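S.K.: With this note's numbering applied, the sequence shown covers 96 to 148.
These aren't lab readings, by the way, just hints derived from the structure by calculation.
Check before you lean on any hint, since a few could be wrong.
Said to hold, decoys possible - Here are the simulated distance ranges between beta carbons:
id : residue 1 : residue 2 : range
1  : P144      : S103      : 10 to 20 Å
2  : V143      : H121      : 15 to 25 Å
3  : E116      : K136      : 28 to 38 Å
Claimed, not checked - Below, in silico cross-link-like pairs of lysine to any residue (SDA-like), each with a Cα-Cα straight-line distance of 20 Å or less:
id : residue 1 : residue 2
4  : K136      : I118
5  : K136      : M96
6  : K136      : H106
7  : K136      : V126
8  : K136      : A98
9  : K136      : N99
For clarity, every value in this text was computed on a predicted model and none was experimentally measured.
Note that CB positions come from ideal geometry on N, CA and C, so glycine has one too.
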Amino acid sequence: MRANVRASCDHLRHGSAILEELIANHGLLVVGAEYCLETGKVDFFNGVPTECE
Numbered sequence: 096m097r098a099n100v101r102a103s104c105d106h107l108r109h110g111s112a113i114l115e116e117l118i119a120n121h122g123l124l125v126v127g128a129e130y131c132l133e134t135g136k137v138d139f140f141n142g143v144p145t146e147c148e
């Protein structure tokens, strides 16, 4: 599942010139996460800035 999230984030980051420009110049972040239905917890693990971890 996490591999799929990482691949999806990578596709979003590099699959669109508009998104690439927003990421490079305007601070847009594409962040991957896993949601647990049982607990409601969200675990962010791909693309999260180190100061937010």
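S.K.: Taking the Cβ atom of P144 and the Cβ atom of S103, is their distance within the range 10 to 20 Å?
M.R.: 19 Å, holds
S.K.: Tell me if the straight-line CA distance from K136 to H106 falls inside 20 Å.
M.R.: 25 Å, violated
S.K.: Does the alpha-carbon distance linking K136 and V126 stay inside the 20 Å limit?
M.R.: 16 Å, holds
S.K.: Return holds or violated for the Cβ distance of E116 and K136 against the range 28 to 38 Å.
M.R.: 33 Å, holds
S.K.: Need the status of pair K136, M96: alpha-carbon distance at most 20 Å?
M.R.: Status holds; Cα separation ~16 Å.
S.K.: Just to be careful, I want the Cα atoms of K136 and N99 compared with a cutoff of 20 Å; is the pair within it?
M.R.: 19 Å, holds
S.K.: Verify the proposed pairing of K136 with I118, using a straight-line Cα cut of 20 Å.
M.R.: 27 Å, violated
S.K.: Assuming the hint says 15 to 25 Å, is it satisfied by the Cβ distance from V143 to H121 or not?
M.R.: 18 Å, holds
S.K.: Between K136 and A98, does the CA-CA distance stay at or below 20 Å?
M.R.: The given pair, whose Cα atoms are some 19 Å apart, holds under the 20 Å limit.
Of the numbered hints listed earlier, those contradicted by the structure are 4 and 6.
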